[in-house]
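Protein chains in written order, with numbering that gives the first Met the number 0: chain A, 0 to 407; chain B, 0 to 407.
It should be emphasised that the hints constitute simulated quantities derived from the structure, not laboratory data. Note that the structure is a prediction, hence the values are computed from the model and not measured. There may be inaccurate statements among the hints.
Same chains, same names: a pair is fine if it fits in one copy or spans any two.
What the hints assert, rightly or not - Capping the alpha-carbon separation at 20 Å, the derived lysine to any residue pairs in SDA-like fashion look like this:
hint	residue 1	residue 2
1	K57	D339
2	K396	G317
3	K255	T175
4	K57	S294
5	K295	S215
6	K255	F169
7	K31	D319
8	K396	D319
9	K300	L382
10	K36	E134
Protein chains: 2
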Amino acid sequence: MTEKVSPLAPRLYPELPVLEGVKLASIEAGIKYQGRKDLCLIVFDKPAEIAGVFTKSKCPSAPVDWCRKHLSKGKAKAIVINSGNANAFTGQKGVESTEQTAKAAGEVLNCSEKSIFLASTGVIGEPLDTSSFGEKLRMANAVVKSDGWHEAAQAIMTTDTYPKLASRKFEVDGKTYHINGIAKGSGMIAPDMATMLSFIVTDLAIDNKILQELLSRYTKTTFNAITVDGDTSTSDTVLLMSAGGGRKISSTKDDKLKAFKNALQDVMHELSMLLVRDGEGATKQVCIEVTGAKSKGSARKIAKSIANSPLVKTAIAGEDANWGRIVMAVGKAGEPAERDLLTISFGDVTVARNGERVPNYSEEEASKVMQADEIDISIDIGLGKGHARVWTCDLTKEYVAINGDYRS
Amino acid sequence: MTEKVSPLAPRLYPELPVLEGVKLASIEAGIKYQGRKDLCLIVFDKPAEIAGVFTKSKCPSAPVDWCRKHLSKGKAKAIVINSGNANAFTGQKGVESTEQTAKAAGEVLNCSEKSIFLASTGVIGEPLDTSSFGEKLRMANAVVKSDGWHEAAQAIMTTDTYPKLASRKFEVDGKTYHINGIAKGSGMIAPDMATMLSFIVTDLAIDNKILQELLSRYTKTTFNAITVDGDTSTSDTVLLMSAGGGRKISSTKDDKLKAFKNALQDVMHELSMLLVRDGEGATKQVCIEVTGAKSKGSARKIAKSIANSPLVKTAIAGEDANWGRIVMAVGKAGEPAERDLLTISFGDVTVARNGERVPNYSEEEASKVMQADEIDISIDIGLGKGHARVWTCDLTKEYVAINGDYRS
Chain A
0 MTEKVSPLAP
10 RLYPELPVLE
20 GVKLASIEAG
30 IKYQGRKDLC
40 LIVFDKPAEI
50 AGVFTKSKCP
60 SAPVDWCRKH
70 LSKGKAKAIV
80 INSGNANAFT
90 GQKGVESTEQ
100 TAKAAGEVLN
110 CSEKSIFLAS
120 TGVIGEPLDT
130 SSFGEKLRMA
140 NAVVKSDGWH
150 EAAQAIMTTD
160 TYPKLASRKF
170 EVDGKTYHIN
180 GIAKGSGMIA
190 PDMATMLSFI
200 VTDLAIDNKI
210 LQELLSRYTK
220 TTFNAITVDG
230 DTSTSDTVLL
240 MSAGGGRKIS
250 STKDDKLKAF
260 KNALQDVMHE
270 LSMLLVRDGE
280 GATKQVCIEV
290 TGAKSKGSAR
300 KIAKSIANSP
310 LVKTAIAGED
320 ANWGRIVMAV
330 GKAGEPAERD
340 LLTISFGDVT
350 VARNGERVPN
360 YSEEEASKVM
370 QADEIDISID
380 IGLGKGHARV
390 WTCDLTKEYV
400 AINGDYRS
Chain B
0 MTEKVSPLAP
10 RLYPELPVLE
20 GVKLASIEAG
30 IKYQGRKDLC
40 LIVFDKPAEI
50 AGVFTKSKCP
60 SAPVDWCRKH
70 LSKGKAKAIV
80 INSGNANAFT
90 GQKGVESTEQ
100 TAKAAGEVLN
110 CSEKSIFLAS
120 TGVIGEPLDT
130 SSFGEKLRMA
140 NAVVKSDGWH
150 EAAQAIMTTD
160 TYPKLASRKF
170 EVDGKTYHIN
180 GIAKGSGMIA
190 PDMATMLSFI
200 VTDLAIDNKI
210 LQELLSRYTK
220 TTFNAITVDG
230 DTSTSDTVLL
240 MSAGGGRKIS
250 STKDDKLKAF
260 KNALQDVMHE
270 LSMLLVRDGE
280 GATKQVCIEV
290 TGAKSKGSAR
300 KIAKSIANSP
310 LVKTAIAGED
320 ANWGRIVMAV
330 GKAGEPAERD
340 LLTISFGDVT
350 VARNGERVPN
360 YSEEEASKVM
370 QADEIDISID
380 IGLGKGHARV
390 WTCDLTKEYV
400 AINGDYRS
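Let's have the full structure, built from the sequences with the hints guiding it.
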């Protein structure tokens, strides 16, 4: 584990506002780490509406299975999150750990275990000992508070070098509402979710079906449009909750949703960028924008092929405007592309047009673009109208160092 | 470019036998490198039978287009190979470069330009200046020799740290025949071919259709079953030639082919392993063997998912028997897999069975396996009979160093 903080870490952290009916506690449970908080409890005064999206891994963790199983009811009394152990590939023991945790939380909070949602992150394959979770959750429930967001964001970290928080205010019928979100994730981040956990809560009253529709829709262009290393975690989980009282919005066409939709997209985008900027070993935030592809899906595939290419990512680390490797990555995506129609730009410097280097392009100006810590690379395929954006970071020696010495 | 030789380099190089009717020359053409040979000519006294397999990139290099166009005739008088410039993404100029080179070689050798095959490797996107190739090829043709194999293997190198050669003898009807092969490639190597060039010649007379069938078949389990970084080159080319005189074997069922088939597979496997062992920054050769998958194709996809995972590869670099990351990579392959049926072994140490860590497995013994420079990782999916093997290397800081400073 590294002690260094990402050079792309935010200079200031937002202070998340109190949301009525939502309390949080973070405590030291000693799961793996010593001397830091690693167990987080988010409790809703009244059961919240809940929606979720999860990893596409064929070998999901036990908590992911648990959440999927109980999501259909759409109600959550509490979320229990631990770091240090993913409770993944833990067989029957893993299933029992989730049951034990949910049961313990249900007893502490006097509710059905089915309204307890779980997430675990950390080492894969080690059994998670939950025998003391009853006691730990009792301790946590005794110290819940409304302003526990920053601590919670810290408690769910693994190889993250900084906590990730985002918040937006919005107005509906002259009244101010909020969305608070926290996230974790640094390695094993790929477009089909990531070792990524995120918990987002609003105080606007919205039905869980609407939450689910919007969460699924916006995940495509936010959490699923980022990649650090192309590796997909067993444990990816994003939960969206509404703790708002009163009449629930129950149609996606309700005008009252307008401001919420924008705010939700903003929060999800901001958390996604915080994840990319904390990519293991990252020194650059990179946006790959593909236009002119045959379709949106084709554009996404090409953008991901570029964003996941080790040769492209190492070139970016070396501040090298190496468009030859971009061509390679376009070619290997397997999507319709014609060499002699491609146009490639770094920032506002177009280096190749119609399949050839632009004769008079300035290498100096391209170099300047590469020296910044935010780099936009755009590729026009010249075939259609498909458009997509994917965000990633560079691949550095530090990535290898962090991951060559993780488990031990 | 690194000066270091791979720690996995062979201690001895095979001396390739003379093949009747085959001559080679390697000269300094000053294409990019100074003070080393970078242009190689392989000439056949009589037109050889030829077969080829090429990159699946949608943006192939101009020489790949040229070879594809002229392969249907199945006859080659000569092969011209240059290193230092890939002549890829060079637009109309690239097409003209290939025409110019083939024409120049045709004039020097007094044959049709259509019987000249071409391969280029090196930087992508820079125009290849072939204006002096006529003179250079004349010089080369003046110094062709039968024992030029080692020099040729050196002339086609780019970031390779050692030349790659393999040879086999075999007998047909009491007479001894040979297969000689050379290859280059180090980065941008992926299962669907690689920045990989290979040229293989036999002195047994075989029709080009048979050569093509066998080359395509064996490529699947050799050159297309290796990966260094998952990146697919624009330029991958493997050419198989028969320079043998006399009656040509023209049926794959001909008994005379038996010994040839084995020898060809051996040469292709050996060259593939030489490529993996020279993977940029490699310190370990790794074989990923997947059994029990739903189908052969499914087994291949899972094996590649593991072999291309940066997290798996960095763990191997760190000599960490991190089977959690193997599970992750199985899960992200998207192929049928059930967590609770997986069995994972490092060498002969089984660390996980039926989706759980083997309680009494010896971490010490697993560590010992990881310290070797050849590591076998086997995964049984437990669902069917699909089997596949893929070879790769580890991902080290050296890979990042080599590729963060290549073009400049």
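Verification of the hints:
{"no.": "1", "hint": "K57 to D339", "verdict": "between (39 Å within a copy, 11 Å between copies)"}
{"no.": "2", "hint": "K396 to G317", "verdict": "both (11 Å within a copy, 13 Å between copies)"}
{"no.": "3", "hint": "K255 to T175", "verdict": "within (12 Å within a copy, 85 Å between copies)"}
{"no.": "4", "hint": "K57 to S294", "verdict": "between (27 Å within a copy, 16 Å between copies)"}
{"no.": "5", "hint": "K295 to S215", "verdict": "within (17 Å within a copy, 34 Å between copies)"}
{"no.": "6", "hint": "K255 to F169", "verdict": "within (11 Å within a copy, 80 Å between copies)"}
{"no.": "7", "hint": "K31 to D319", "verdict": "between (40 Å within a copy, 18 Å between copies)"}
{"no.": "8", "hint": "K396 to D319", "verdict": "both (16 Å within a copy, 18 Å between copies)"}
{"no.": "9", "hint": "K300 to L382", "verdict": "within (15 Å within a copy, 30 Å between copies)"}
{"no.": "10", "hint": "K36 to E134", "verdict": "within (15 Å within a copy, 73 Å between copies)"}
Hint violations for this structure: none, all hints satisfied.
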